[in-house]
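This is what each chain is made of:
There are 4 protein chains.
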Amino acid sequence: MPYKYLTEVRGYELDSFGHVNNATYLNYTEQARWNILKESGFLNDFIKSGMFLVVVETTIRYVRELKMFDSIEITTTLKQEPPYLIFYQEIFNKTTNEKSAKAKTKTLLINKERITQDLPPELIHIIK
Amino acid sequence: MPYKYLTEVRGYELDSFGHVNNATYLNYTEQARWNILKESGFLNDFIKSGMFLVVVETTIRYVRELKMFDSIEITTTLKQEPPYLIFYQEIFNKTTNEKSAKAKTKTLLINKERITQDLPPELIHIIK
Amino acid sequence: MPYKYLTEVRGYELDSFGHVNNATYLNYTEQARWNILKESGFLNDFIKSGMFLVVVETTIRYVRELKMFDSIEITTTLKQEPPYLIFYQEIFNKTTNEKSAKAKTKTLLINKERITQDLPPELIHIIK
Amino acid sequence: MPYKYLTEVRGYELDSFGHVNNATYLNYTEQARWNILKESGFLNDFIKSGMFLVVVETTIRYVRELKMFDSIEITTTLKQEPPYLIFYQEIFNKTTNEKSAKAKTKTLLINKERITQDLPPELIHIIK
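Chains as they are written, first to last, in this note's numbering: chain G, 91 to 218; chain X, 91 to 218; chain Z, 91 to 218; chain H, 91 to 218.
To be clear, the hints were calculated from the coordinates, so they are not data collected in a lab.
None of the values given here were measured: they were computed from a predicted structure.
Among the hints, erroneous ones may be present.
It does not matter which identical chain is used: a pair holds within one copy or between any two.
Keeping only pairs whose Cα atoms sit at most 27 Å apart, straight-line, the calculated BS3-like set for lysine-lysine is [what the hints assert, rightly or not]:
1) Lys218 with Lys194
2) Lys138 with Lys184
3) Lys184 with Lys218
4) Lys138 with Lys189
Isolated chain G (complex conformation) (with noise of 0.2 Å):
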């Protein structure tokens, strides 16, 4: 089941054009990851241990533009692909009911020393 996460979209991250800024979305991306973090219950554990998601190689395909206050969901799902974790990740307007963005984005886990490593145990369960 993926993870689900809402927000919406805000006025001054439209561009010249009117509408959302393509780097913006991956923006959004990012926030959907740290909210599978945060209801893990393990956000502030990892934020103190040190460790961070270095994301290694970013896909995606912009389907429809955005607008101001277009209300997004975005829903992500996880794989191992050691030494990588993927997030599959596709940006939905609920405003239009039309899919957005499709992202893949390949991360590796790194220590504070900088070094790989596994997902800790606390983590192990939001693979799913």
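Let chain G serve as the given structure and place chains X, Z and H on it in line with the hints.
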């Protein structure tokens, strides 16, 4: 009665000190101003008209830092001091129950020809 | 011969890990694309015409992190694969002398009526 | 003699009105402040020390809009009004030869333990 807009801090909005960057607070207050237009039912007409609110001056006092996923409420009251439209806004952190910032934003309403204009009849009621 | 655009990392672009956030790399590549239009002498006419480049797909591989004040050079080559205009870009860190990222951005040129169009004669020469 | 920092407006910084969004001006002034630390030769030590400059209050007056590729120079003078360190900054548009904005930023220097502290000896000379 002030306007209220609710949103939450996004992870990518944190700067290298682990809290929301000071410029981002202005983004929040802008979004709350857009939301007044949205609630007025006049947002789309406003955008099509080519009118815009030019920010002439902002004063913001930062009271407390904001952290990832903090739930924030921006309250706004408006005053007309012709030719200016002035927004008094507060950012309140509902996660910590503390005031986070207080801002005053002086704006001018400009039409497509870049001439200062009065609030159109459709928007007069937003002053209350 | 590729296009080159030089800029430097700004302090507020660092995220809570102390390095440039991954979405910001797309900002850099966008700016380098705008700069091609600027160097073509056609930027102002382009903006007035209402044309725009819709980003259809981006793939970006992150090779090395970027830090505050790193001097970066974005090199760009373009290819036409009708109806697409494809940008191959690399971000090179001149401060550390290392490649930082490599991106491919697939775009469509759209006119004011949102119809795909060929490169106008004034821009044909940017493909070289 | 004021500090000077030179940069240019990036295309993605324009908002839906085709000019630089008002919050982005604060980004420019922040970057100019970082550059003072860089020129002092103390930037890396500063970052490692865990010290940071907390922005307590900002007042910014917007004089003229900024457009894509405008070349801007931010001049900064500092004053100590213990416990505050105050930055007076102007954004000057060298492309149009007009002043674009004027800002006053009141800051507190805080150490790792979040306690207000005086300028360390290595930084005293930045006040001139």
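Task: Numbers of the earlier hints that this structure fails to satisfy, in rising order - done: Of the numbered hints, all hold.
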